[in-house]
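Colleague: Here is what each chain is made of, one letter per residue.
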Amino acid sequence: MIWLVILGMAIATYLPRLLPFLIGQRLRLPEPVCRWLEFFPFAVLGALIIPGILTAPSEPGAPGWVGAATGLFAAGLSLLTRNVTLVVAAAIAFAWLLQRIF
Amino acid sequence: MRTAEEIRRGLRAGLPIALGYLPVAVTYGLLARQAGLSPFQAAGMSLFVYAGASQFMAVKMLAAGIHGAQIVLAAFILNFRHFLMSASLSQALPTRRPALLAYGITDETFVAGSLALRDAGFTSVSFLAMAVLAYLSWAAGSLAGALFGALIPPGLASAMGVGLYAMFIALLVPSLKTNWRGAAVAGCSALTALGLWLLFPRFPEGWRIILATLGASALGLLLPRDRRQAAA
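Protein chains in written order, with the numbering used here: chain A, 1 to 102; chain B, 103 to 334.
Rather than coming from a laboratory, the hints here were simulated on the basis of the structure. Among the hints, erroneous ones may be present.
Said to hold, decoys possible - From the structure, some residues in chain B lie toward chain A, with a derived Cβ separation under 8 Å: (1) L117; (2) P118; (3) L203; (4) S216; (5) I271; (6) A295; (7) T315; (8) G322; (9) P326.
All of these numbers come straight from a predicted model, not from anything done at the bench. Where is the CB? At the ideal position from N, CA and C, for every residue including glycine.
Using the sequences and the accompanying hints, generate a full structural model.
Modeller: Pasting the structure below:
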């Protein structure tokens with residue numbers, strides 16, 4: 001039963017990833033559509049960060065502002081370095097410290 | 103030699119994703135065990151489905167005894183946003199291995215890969231290397247969580263939950279300086295998503311991302327274009 005659900009989910013989540021890629025590679029899309037598609041990564045980023053970061057630290061009893069503060073910390077650090085791995089590690093440490101202190 | 107450099111660039115882009123996935127995957131593995139899945143089933147879902155949010159939802163629904171067909175439908179709806187990402191990537195990244203590359207598309211590999219493509223030297227081989235690293239982290243983390251998840255202190259797991267969001271921010275901030283249109287689109291999208299979340303808290307996350315993406319990207323088309331750089 002569980003393996004059947006896994007198989008069904010595998011198909012249901014793979015097809016939306018596969019079909020546009022197969023079709024899109026062969027089509028020459030009109031120029032405005034291409035520009036529209038080029039904006040998608042930025043738009044997806046915006047919609048992933050907010051509201052996600054606000055609710056990310058999930059520890060019960062952690063203050064609600066820890067996520068927002070960690071987001072600002074990560075943004076400030078990103079101005080100083082382009083090392084994404086470093087920002088991720090530092091943000092985790094920052095959120096952990098905030099949770100310990102408050 | 104050239105291939106080695108392509109792979110190296112991909113692995114460098116994949117490292118923060120792998121780091122961000124680990125705690126999420128461990129949490130998933132733990133929840134899957136609590137929902138009654140065996141460690142094999144928990145890891146199998148990560149290997150064959152490979153869709154983070156849908157997997158969390160599925161194990162919650164399995165634990166609640168909801169019918170399998172409903173779980174599959176819910177996963178389709180939640181993950182339909184990848185339709186948009188696949189369409190966007192198909193234009194930006196020509197490849198001879200579309201079936202493999204499409205399997206590697208997640209929210210994280212899509213945004214990291216799309217932004218990396220703007221720098222020269224990041225190719226479909228780089229994307230695959232990045233995706234393989236992310237995939238292995240997701241699968242290994244799921245298995246570890248299913249076997250040992252209960253050993254991880256909740257405070258640490260909670261703090262590690264910010265990892266992926268920190269990555270999204272670290273990807274976005276440098277482009278604020280170099281690409282004001284992309285930054286404007288990201289800002290509009292964030293505001294739209296925030297508004298939807300505040301006004302309709304029960305609106306499904308997948309469709310929140312789809313609506314915000316379609317709307318904000320369309321706004322981007324209205325922005326004036328440079329003469330030097332035709333595309334945003």
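Colleague: Which hints from the list above does the structure break, by number from lowest to highest?
Modeller: Violated hint (a single one): 9; every other hint is consistent with the structure.
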